[in-house]
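Residue-level listing of the chains:
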Amino acid sequence: MLPLGILPFMLILPLIASVIAYAVRGRAARILTLTVTVTELLLSFVLAMAINPAIISGDPNAGMKYLWNFVMGQIVSGGGSTELQIALGVDGISVAMIVLSNFVVMIATISSNHIHKSEGLYYALMLLLQVGLIGVFMSLDLIGFFIFWELVLIPMFFIIGRWGEEGCQHAAIKFFIYTHLGSAVMLVAFFVLYFVAVPHTFDMIALRSMGLPPMVQLGFALAVFMGAGVKLPVWPLHNWLPWAHVKAPTPGSVILAGILLKMGGYGFIRLGVWMVPDAFARLSIPLAVLAVFTCIYAAFTAMAQTDLKSMVAYTSINHMAWVLLGVAIGTATALQGAVYMMVSHGVIISVMFIVAGQLKYSAGSREIPQVKGLMVQAPRLASVFIFASFATFGLPGLSGFIAEALILFGSVKVYVWTALITLGVFLTVGYILWTLNRIVFSDANPEKPVTEAPWSDLIAPLITLIPVVILGVWPDLLLGLVSPVVSFIVGGVP
Amino acid sequence: MFQLFTPIVDLIRAILSPITQQLLQFIPSDWLGSMPALTLVGFAVIALVVGIRWNPLPVSFIGVLVVTIEMIVLDPVSSFGGLFVRDAFSDFFIYIILIVGFLVLMSSTLHSGDQGPYNFLLLMSFAGAILVVTATDLIALFLAWELMSTPTYVLTALSPNRGAVDGATKYFVMGLMATTLMIFGIALVYGVTGQTSLSVLSSTVATIWSSGPGLSPAAYTLMLAMILFVISFGFKVGIFPGWMWVPDTYSTADGSVTSYLAGATKKAGVSALVRILMVAFIVARLSWAPLIVGVSILTMVIGNVLALAQRKIMRMLAYSSIAMMGYLMIGLAAGTELGVAAAFFQAFVHALMKTGAFILVWTISVRLARDVTYDDLAGLSQRAPLASAMFAVLMLALAGMPLTAGFWSKLILFQSAVEVGMWWLALIGLLNSVFSLGYYLRVLKYCYMIEPKDGSPLKLASVPVMAVVLCVVGVIAFFVFPGAILDYAIGAAAGIVVP
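So the sequence lines, in the order shown, correspond to chains F and V.
Quick note on the working numbering: the first sequence kicks off at 1 and runs consecutively.
Quick note on the working numbering: the second sequence kicks off at 1001 and runs consecutively.
The shape of chain V in the complex, shown without the other chains (with noise of 0.2 Å):
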């Protein structure tokens, strides 16, 4: 398969390869596919000390560019002992988070990026969500799920928002549940099988499932743990049973920890989700069908009608995001690679829409020093041209309309699911797709067509506003070239699901 950025990347190597092999002396081969991880960490105390004195930001910036680098011109091999393993499924998604942890650096200088604690928490989370979509055992997939969890509850709080510890509090206390479940889930799985490693665990699973039609205690045992993973993991996705912290958290947090988490840290739960339900318990996939499919659509209707329901923006996007994970979670329960590849196509369209819309958001926010609802909307077009085609666009790219790359993710979801029969499953997602219309075109309508209170223009900061430009670049030029990541998308599936 063609793969658009292999030259690019090809070249890079070919350029740096004099230095690589100067360092790769110094670096313990066991530790090689988790250097992106342990550079964070390291430019994370940087940061940390240099933040006492200056600003910070620069070396957080130069920590991501560092880690790319680090990304392409490593080979992507196993580390400590195949705990982690680079493949291209984690590097589909360790892209993803270091585009989104850049544009949300980029975002920070509005607030909060000069102090070092900021930085240095903001790091640690990057580095543990790289572990996460790494991690092949559980031990280490929940290590690393408490080191990305823990510093973005203190970052929640830092916000200036009033509100702000009331919805890092209910982060916090609803994220503890979910690591006590997560644990319970682990302990269940290694008393039934003695194992944690995940893919020692699918041949086990393969052999407790095949001893008959009448499912062992054993199995009833795994696939509590298996509901249990859900309802974990999936707190940090934000799906049914876990999702109430999101909008309350998300409307109250710093803006760029807001993109941060919508991004980022949603997109290393589904890979975490992915690899425990399509690795582990890939043999069990009629088992937990079922539960994905209801999962999937309580999900979307829960965030799409109480979306409708919200004045600020920032609880609609949040909403609106608890929606969009319902969509992709479609394409888990189709369980084909197909749809498994569409969940991650999905997964690089969302990181970039919903970043991009929660830092415009944010940056108006700060600009009018209040929560942002939709009559401070009105006449954006008229005050801020820039910012309201922007926000035309990444909406229309929400609700999946041509031109922009949602279009596509949403198309391929259902396609998956009708693939595998499941043509009502496809239907209700489109419906939903045309219920959350309601509150998109709600967005255009106070943007383009109600005239404002207050027709000064609205400057905002500039910085900001090019991380946002460069989601909506991506947005559009994915739409007119999905293969340059659709391709990635059906590699990194095609490598873990198993025909």
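Excised from the complex, chain F in its bound form (with noise of 0.2 Å):
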């Protein structure tokens, strides 16, 4: 149907209309920009609807469909030969995934009607980085999957840097090379782990039916670790988040909270659980108590900042905690809830840094204490804060409820004290209702007037609501592609 088959039509539009849109400039990039996230997203649609997730026991491909690969160098050594390449095919879950990343994208892409510094440049970075988005959740080789992981890293860097706020040179650098250390460790690992393989393979699907020896896989998951840890974030390694959202401008901050940390999700689901479950399944007990520790201690680390954009960053922190246990827990449920918690969370999030961007323009600040009276003065921009704010700890008939509803079911039923991350959601709760007190039900401070965010400003955050809407009342939608992957994944190696 379309030159190539589907998807690397998906990964070759946007490397295109990169180079275009750097070469055009002005408004003309923007407006190509807008063209080519709409199609994609449209693209992943159709691949949504396309796609058969049910998988037939004994698949050799692993249920992965579309596959197609481009083989960009050999090795011949030793007398095997070993093929560096790119190698792309998707499952019900890398849908989701790949469905979520455009759609985040192009929201990001709507709310960037505020950069008027070298917006060819901006507008190519923001293609490019949308190659390495949607590579990562479609290569099937490791070092295909490497180059997406990594590829991600240099326009994100380029946009903090460039066009963030005071100090972002320093949380730009920091972001680079924290994530790009985490990598190294994997990428060891990667090689360990096509040494150990006989014969010698990067092909995820054929290294996951291999049954490798247990010892490697622990070793290989450790390091998955600390390069999907690094992203996701978990508590140690989470030092590089607040920094990097916060400088960010608010596009980039929707793109990073949105998807960049799902890429760590993504990455202990398919390189942990799907590629090596014998190991996550030893290392449950300390990936969930970790879980748990940083969902409680983003929450009052949360409660604790006075800028809103800071607060929604830790807020992320929180809500990826609730993946990793999901990760850990490693039972149908318990996984269906991650990836539901993944595109939910990318969403609701979105709509809460573009809020807190809005702030600075309506407000002047986003510091919590200065913002007063928002529900009097601007009360379109408060509805739109009130909402995602609801949305964001987990209100019933939202989104983020079904998520967290399906993560806890899942682990309690394996360990009871997993419970006690609901410690979190209710400090969560706690947390938004005193910041939508200060700031929304206040009285209004004279000296301090705020001014109501133009319709143009909305339209990024209104149409990212209605996801939330609809999977807070109709989870099939999204189950529906999730389910069989996971009962894949728990049924083991076939």
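Simulated from the structure, these hints should not be mistaken for lab results.
On a predicted model such as this, the values are computed, not experimentally measured, just so you know.
Glycine included, every Cβ here is placed at the ideal spot set by N, Cα and C.
Among these hints, one or two may not hold up.
Said to hold, decoys possible - Footprint (simulated), chain V over chain F, 3 or more residues, beta carbon under 8 Å:
{"#": "1", "segment": "144-157"}
{"#": "2", "segment": "184-194"}
{"#": "3", "segment": "457-470"}
Please dock the two separately framed chains into a single complex, following the hints provided.
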């Protein structure tokens, strides 16, 4: 239907558009980027509708559809040959993540209307970022996976550092080095896995069905924890996140929180429970403990923040801990919940970051104590903010609730003490209501008036709220894609 | 194995074969393998004579092009009684030298390219470098080494930079010491074995090493010679014991000469090391592997730590190229076919990256008429968007990020280390690579994230910028098709590494 097949077409389209956007500059670059991201989103909807997520047992491709590969080079030595290649393929979880990333990139592009410095370069980087992001979710070869995984860093580095706020350069470099360090450890593990495998291969499907020695699996799982744990982030590795999120421009924060963190979660699922399930079963308790701790710790830290953006950044650490909990538990319900949490958090947190960025324009500050009387002075912005806040702490009927409920139902059945994570929910509700109380429902301060956000700035958050509601009332829309893959993972190696 | 350029080579050979047949009648068959080097010597003399009256740079360009065509049409054979041999391995490095040579000549249009002596010295040094990579005998290697090195001592001193003579003196004195150690090493080898030919030597070494678990005095002497060779050839490469001249000389020399030193003579040193370690002393691999591992780690750490402390871009790049050679030594330490192929691939990619980077900095430096510091790069993306973008690509390539060939070269090097069980060495290399982001990203930060003090456009000379464009295009193209070079690198490695 499409030249090369749908997956490579989805990768190449933004890549080419990126070069064109750099060349045309200015307003044309924005229009081009909007067109391309909307096209990508439609393509991913087509993909989601076309794919049959069911996996027949004994499928040699482990349920991966639309396979395509591009051999870049060959290493011929010692009688065998290894392909250095980009191999693409998707299953239900990948498709869900691809839809999410295309959606969030589109939202980020729409909300880039305040970027006026070097627009050509900005939109070129945005499109390059999209290539990296969807590439990660499509890759079926460790080398190709690593290429996309690292590719994401380059445009993100520039977006944070060039268009960010005061002090953003430092944040950009910290972000780059931190995440690169995690990836470096992961790369060594890739090589070890490659040489342990007989015959030597980087092919993830082959490695999965190979039945690797337990100790190798365990080492690999720890390395994945380093690589994906930095991105997710988990408690001792989270240090870069508040910096990068706060200093980045609003669209940068949206993509960071909306998708980059999900790369970590996806890394845990694809490289972890999908590829080395035995090792993750052994690591279950330590990971679950870490997840519960991270959740509560992040909730307390978020409560202490005065900058709204910083608070939202810690909220995302708090929520991504749920994903780790789901992965650590590894039962069908919990894993479904983990994927659900990634998608739902990806859209909700985008709204939160856009609102936080908008406050800077409307009220001149994001400091929570400084902004007062939002409901009186800016009812539209306040309504969006209230809605997004409710979604964040998981109000029933919105998508966050279903995710948390699934993970909790899954985990309490296995380890009853993981119910402690509800303390995190309790705290989250507390600090979010407290924030709403201070910003939205307070009396207006006549010395610091707040202007209403124009409709042009509210398009992006309003569009983003649509899936929050839909996923909140119709979970099967997403679970239909995810559950066959999850039961395949839980079913073990066929 | 499919090698991408084979059809093109065959085509050129077929087209030119009538002329080749005619010309071959005039060339003694014993010279045939060394014709590229000899031709360059001839063109060097012509350039010197032409330079009395006219601009000799076109002569040099023609010389390099003619030699490239010779490389393609002439059969790879041995010459001068087997002292110099053209095989897959030496051809790989000769092409690196010719590519770098061409780029260096392009960059020479900036400064001193219109002088006869400059062109003469440069072409003589190219010839020497080509002879170094083809030499298969210690004495021939020594002679070629001197032919390559001596002109560069003068070239570094010819720079417009005020500190040039200091840098050149340091280079010269340390170079002489390296030469002395090399002669001492050759003398030791000759004294023990009575041989200077590397291939004969390898069987002698095999006999000595096979004489039982306790090593004989002869073996100890040979090991001493081996250490001396690593020091003296490593001097040019800029690895651990002999790295100290690199930053001073690189930063004060004419930028074109610097890019030649970094792009080509370094690689000639690498090839000499590979010949000695992998051909002559391959049997003693277990004895020298720890030595090379140590050298590799120290070189990486020194290069990276000191590069972080620099303010001048040239010095930073000099230290970073020390670090890059540390990564390259990982491949030699692995000592397998894959490791050597990875080292070769790294040599090629490094030649592209560093030649481009040095030429670019030199072009900016000539335009500003001062040493380029980080502050001079502030806002380069607005003052010179193309130069800035190319700088960014080259820095990311040096850091080993995807979309650049630098990614593959590091990847395969680390892979080769893991293959022989040295995953810790790969991890050290990777941590160094992460550390190196500290200074590569600083360049990007200044280029893209800091507003310029003076926002006026910076117009750079077009010919050197073209040279950098070629490098950048190569760096990106060989990310998409690493196989184009990797196949040759593997072929070259397979030719010398006996499994």
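Here's how the hints hold up against the structure:
Counting residues of the segment 144-157 of chain F whose C-beta lies closer than 8 Å to any C-beta of chain V gives 8; at least three are required, and the coverage claim holds. For the segment 184-194 of chain F, the stated coverage by chain V is satisfied: 7 residues place a CB nearer than 8 Å to a CB of that chain, which reaches the threshold of 3. Beta-carbon proximity to chain V at under 8 Å applies to 0 residues in the segment 457-470 of chain F; the threshold of 3 is not reached and the given coverage is violated.
Checked against the numbered hints above, the structure breaks only hint 3 and satisfies the rest.
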